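K.L.:
Take the given structure of chain P and dock chain H with the ligand to it, following the hints.
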Amino acid sequence: MNIITCIKQVPASSKVEVDPETGVLIRDGNNVKMNPYDLYALETAYQVKSMSEECRIHSVTMGPPSAKSVLEEALYMGSDEATLISDRRFAGADVLATAYTLSQLIEHIHDYELIICGKQTTDGDTAQVGPEIAEFLSIPHVPYVKEIIDVKDKTILVRSAYDDYDELVEVAFPCLITVEKGLNVPRLPSYKRRIEKQDYKIKTVTMRNLKDKNPDNYGLNGSPTQVDEIFPPTKRTDSIKIEGSSDELSKSIVEILQESRFL
Amino acid sequence: MGYIKINQEKITKEIAQELIDVCPFNAFDYIDSNLSVNSGCKICKICVKKGPVGTCELVEEKKEKIDKTKYKGIVVYIEQRNNIAHRVSWELIGKAKELALKTKEPVYAVVVGNNVSKIAEEALRFGVDKIYVYEDDIYEDFNVEIYTNVLSEFYDKHQVNIILFGGTAQGRSFAPRVAARLKTGLTADCTMLDITDEGDLLQIRPAFGGNIMAKINTPNHRPQLATIRYKMFNEPELITPNGEIVHEDSTNIKKETSIKLLETYEKPQVSDISDAEIIIALGRAFKKKKDLDLIEPLRKRLNAELACTRPLIENGWFDARKQIGLSGRTVKPKLIINLGISGAVQFIEGMKESELIISVNNDEHNKLFDISHYSIHGDIFEVLPKLNDLLDQIL
Ligand SMILES: Cc1cc2nc3c(=O)[nH]c(=O)nc-3n(C[C@H](O)[C@H](O)[C@H](O)COP(=O)(O)OP(=O)(O)OC[C@H]3O[C@@H](n4cnc5c(N)ncnc54)[C@H](O)[C@@H]3O)c2cc1C
Chain P
28 MNIITCIKQV PASSKVEVDP ETGVLIRDGN NVKMNPYDLY ALETAYQVKS
78 MSEECRIHSV TMGPPSAKSV LEEALYMGSD EATLISDRRF AGADVLATAY
128 TLSQLIEHIH DYELIICGKQ TTDGDTAQVG PEIAEFLSIP HVPYVKEIID
178 VKDKTILVRS AYDDYDELVE VAFPCLITVE KGLNVPRLPS YKRRIEKQDY
228 KIKTVTMRNL KDKNPDNYGL NGSPTQVDEI FPPTKRTDSI KIEGSSDELS
278 KSIVEILQES RFL
Chain H
3 MGYIKINQEK ITKEIAQELI DVCPFNAFDY IDSNLSVNSG CKICKICVKK
53 GPVGTCELVE EKKEKIDKTK YKGIVVYIEQ RNNIAHRVSW ELIGKAKELA
103 LKTKEPVYAV VVGNNVSKIA EEALRFGVDK IYVYEDDIYE DFNVEIYTNV
153 LSEFYDKHQV NIILFGGTAQ GRSFAPRVAA RLKTGLTADC TMLDITDEGD
203 LLQIRPAFGG NIMAKINTPN HRPQLATIRY KMFNEPELIT PNGEIVHEDS
253 TNIKKETSIK LLETYEKPQV SDISDAEIII ALGRAFKKKK DLDLIEPLRK
303 RLNAELACTR PLIENGWFDA RKQIGLSGRT VKPKLIINLG ISGAVQFIEG
353 MKESELIISV NNDEHNKLFD ISHYSIHGDI FEVLPKLNDL LDQIL
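From first to last, the protein sequence lines stand for chains P and H.
Under the working numbering, think of the first position of the first sequence as 28, with each following residue one higher.
Under the working numbering, think of the first position of the second sequence as 3, with each following residue one higher.
Isolated chain P, as found in the complex (with noise of 0.2 Å):
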């Protein structure tokens, strides 16, 4: 069986923050790290591949350059294969076009039954990449899985987690999943790994090498979406601040609560 990993780097820190006067994006560091539930979505790959025979793990991500790394620490952790998918023209993408374009990477990889990606991401979080990978290789998802169940010849049976129920499904390869947070312990980078991939070299794919290599489907040409404008969030104006010591400020609070009829 081959299994692909979708994942990515975000910021390591949620500091960022508007500028009011100036509208400048505000980062806290330039700091990058593995978005957590891509953490599961490996670790979900490297149990399916304990329980079947002959696996293949396969890590894309696409980015910049400098997120080879991310892929590097897939390997060490126990990818056997890893790729980035990088190219200026994918600059601006929303959600279609980086949907569209990891499909087309999947597309020219071309071997698998299993693609695994984490719910959501920590930047973007709106948990939309994964479906619409899907639905561009035209294969079934599930989204949200808490429990891989059982993986057969041709199918694997997964529990996933709505809003106020579970569900058991079970769905035929090729397929596409989704995982939460907190369905195994992910496993860290290990030393003996990073030696044995110490030779490894990280493939590298851009537009060219598509199937697919019209620029307009791709980045900013290729995003429906787009954003206008930056803003930081709203102020109240008739906001009251207390101050004083922990007496005053517990009979304060008592007195808004009685005021406001609350006690």
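Each hint should be verified, as a subset may be incorrect.
Unchecked claim - Chain H residues, not near chain P, derived (Cβ > 12 Å throughout): (1) N9; (2) E100; (3) A102; (4) H249; (5) K290.
As the list claims (entries may be wrong) - Here are the simulated distance ranges between beta carbons: (6) E237/H with A199/P: 36 to 46 Å; (7) V55/H with I136/P: 40 to 50 Å; (8) L184/P with D23/H: 30 to 40 Å; (9) L290/P with W319/H: 18 to 28 Å; (10) M78/P with I86/H: 43 to 53 Å; (11) A199/P with E366/H: 20 to 30 Å.
Claimed, not checked - Listed next, the in silico DSS-like pairs over lysine-lysine satisfying Cα-Cα at most 30 Å (straight line): (12) K238/P with K185/H; (13) K99/H with K70/H; (14) K7/H with K240/P; (15) K262/P with K336/H; (16) K60/P with K15/H; (17) K230/P with K99/H.
Hints listed in this document are in silico derivations from the structure and should not be mistaken for laboratory results.
A quick note: this is a predicted structure, and the numbers were derived from the prediction, not measured.
Built from N, CA and C at the ideal position, the CB exists for glycine as well.
P.N.:
For chain H with the ligand alone, kept in the frame of chain P given last:
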């Protein structure tokens, strides 16, 4: 549409560094005296606006414009399960009616299922002009493959302008599938919707994982798709129905699927914070689970529901359904008391419509104070014990 062009002759080492510093996405690479833009670029144009003058420009590529007059109607997808509509659907009809006043379009609903005539009648009472009904035995349970076929057939036939989906777990899995099928844009979890001067759907949501809101639109694709979380908008008032129920033919819709639903398990009910009138919300200031005892007297006294921020879900103290915020529940209580919460935009978007907001924090620059009616600047571990004493004294 376009890309960022760098005027290389103006680039020195210092200018390159300035541009690298101004870019929030690390999208510049400076290698061998050559500055280039990598695929991290989001075309936010900050380098054009705030970088050294004349070094970067946005090259626009002209695209053929679609004829927007061909697309008419704001549609709400009615999510149903066991033949009961999810109430977010009604909230979206209310919003669709507001938007339609500006665009002068009809408001439609579409429902897929088996025996959903009750839902169709309900939709008319909420004021849609038409509800399109797709019924078949095979539509009994939601199936993302088959339902996508239905919605794509619906769009091909009716060429509507906007389709709104509830941001439920099901909707967030279904809408992207429809978007990719129709090769159009989709904005997830909008917290506000409006119409732009050009007549496009204006979609507002927190962005870039930070304390930032973004205005997003879909200028040259139809339909325009958005998901909206439950409780973001109000249900409209019921009217005497004057709309029409349209039964659609399903014979030509493909009904094959490779997803087999074997079993559903209902989760045990937890009291839903979405409907709570009084909420005490807890944040990361609570370091140990034992600390939660401190709020018990106040909770009992107010008969309040407890809710929390995401970190407290992540450390396993509360059921995920107790999380307030963009990736949790939206709440609109009469009173919310926030204890030790910093006010990340993702949290605020889930509670800012609360009628009375009281927040306690020992950092006076926390963001939650910006939207609170009363901002209590103090340490919860000192204020709460005193408050409990006071509560004991007053009857
Ligand atoms: C895409 C995305 C989606 C998200 N969705 C959600 C969501 O739906 N809901 C959500 O809650 N979060 C969400 N988050 C996380 C969010 O960004 C914040 O990290 C989170 O809300 C912070 O929780 P907090 O305020 O409890 O913790 P912190 O940010 O750590 O704040 C703790 C606060 O407590 C104060 N404090 C500490 N000690 C004391 C004391 N003794 N007395 C008084 N005050 C004290 C501190 O000053 C601080 O302001 C999301 C993040 C991302 C990136």
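K.L.:
Next step is simple, just say for each hint if it's right about the structure.
P.N.:
Status of the hints after comparison with the structure:
no. : hint                           : in the structure
1   : N9                             : 16 Å, holds
2   : E100                           : 19 Å, holds
3   : A102                           : 22 Å, holds
4   : H249                           : 27 Å, holds
5   : K290                           : 20 Å, holds
6   : E237/H with A199/P: 36 to 46 Å : 40 Å, holds
7   : V55/H with I136/P: 40 to 50 Å  : 44 Å, holds
8   : L184/P with D23/H: 30 to 40 Å  : 51 Å, violated
9   : L290/P with W319/H: 18 to 28 Å : 27 Å, holds
10  : M78/P with I86/H: 43 to 53 Å   : 38 Å, violated
11  : A199/P with E366/H: 20 to 30 Å : 58 Å, violated
12  : K238/P with K185/H             : 18 Å, holds
13  : K99/H with K70/H               : 20 Å, holds
14  : K7/H with K240/P               : 21 Å, holds
15  : K262/P with K336/H             : 19 Å, holds
16  : K60/P with K15/H               : 28 Å, holds
17  : K230/P with K99/H              : 51 Å, violated
Violated hints, listed in ascending order, are 8, 10, 11, 17; each of the other numbered hints is respected by the structure.
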